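Those protein sequence lines, which keep their order, are chains A and B.
Residues 1 to 112 (my numbering) make up the first sequence, in order.
Residues 1001 to 1116 (my numbering) make up the second sequence, in order.
Be careful, since some hints might not be right.
Calculated pairs, BS3-like style, for lysine-lysine (alpha carbon to alpha carbon, straight line, at most 27 Å) [unchecked claim]:
1. K2/A <-> K1041/B
2. K1014/B <-> K42/A
3. K67/A <-> K2/A
4. K42/A <-> K1064/B
5. K1020/B <-> K1064/B
6. K1066/B <-> K42/A
7. K1020/B <-> K42/A
Just so you know, the hints here were simulated from the structure itself, not pulled from any lab data.
Note that the structure is a prediction, hence the values are computed from the model and not measured.
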Amino acid sequence: QKEVEQDPGPLSVPEGAIVSLNCTYSNSAFQYFMWYRQYSRKGPELLMYTYSSGNKEDGRFTAQVDKSSKYISLFIRDSQPSDSATYLCAMTLDTGRRALTFGSGTRLQVQP
Amino acid sequence: GAVVSQHPSRVICKSGTSVKIECRSLDFQATTMFWYRQFPKQSLMLMATSNEGSKATYEQGVEKDKFLINHASLTLSTLTVTSAHPEDSSFYICSARYTGANYGYTFGSGTRLTVV
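Full structure from sequences and hints, please.
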């Protein structure tokens, strides 16, 4: 079993839809949770960062962490064609010298 | 802020030759950098963690003699793929942790290596 599970998609939605992306994880010691967006053949770009459980909102993006269920989500409101990319969840035990553990990524296509 | 510059973005080399990939933190000091490998439509797989001034820590299954990592300064880490073979063709990405108002991990733009 992978430490972090993420549906690879692809997920296709019409422009303006609300998108829900999710990851589950097995290591209850994870404390820091992130969502990255990756365009083809580019490095990942940080979208959202959350510590422990709770919600965080930034513009059209909302990140949720439920540590009791070991489940994290990213919601994208009013999705745009420019949101079409691969979305990677990532997490780590601490932000000292530890690397991130990534999900496999969900490929999102927003149709105009 | 928190920009990591990675070069080259794309390289094609012949089998048996070596290729060096550079990763520089432009506006912060990176005591720790991470090197990942990504195959098409797959996630990032951690290869090694490099700490400034000390030997890199490699993940299980990664050949340290083949993937040489040097982190000689707080702003530069390099990955050298030695005696490259076609199976080494992949997308290599570096990352560094930064602190600040919105801290996290920032990534380079990646290097697509093709070994022919």
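Now for the hints, and whether the structure bears them out:
1. K2/A <-> K1041/B: Holds - the C-alpha atoms of K1041/B and K2/A are around 17 Å apart, at most 27 Å.
2. K1014/B <-> K42/A: holds (24 Å)
3. K67/A <-> K2/A: holds (17 Å)
4. K42/A <-> K1064/B: Status holds; Cα separation ~25 Å.
5. K1020/B <-> K1064/B: Answer holds: K1020/B to K1064/B is near 14 Å, not above 27 Å.
6. K1066/B <-> K42/A: holds (24 Å)
7. K1020/B <-> K42/A: holds (19 Å)
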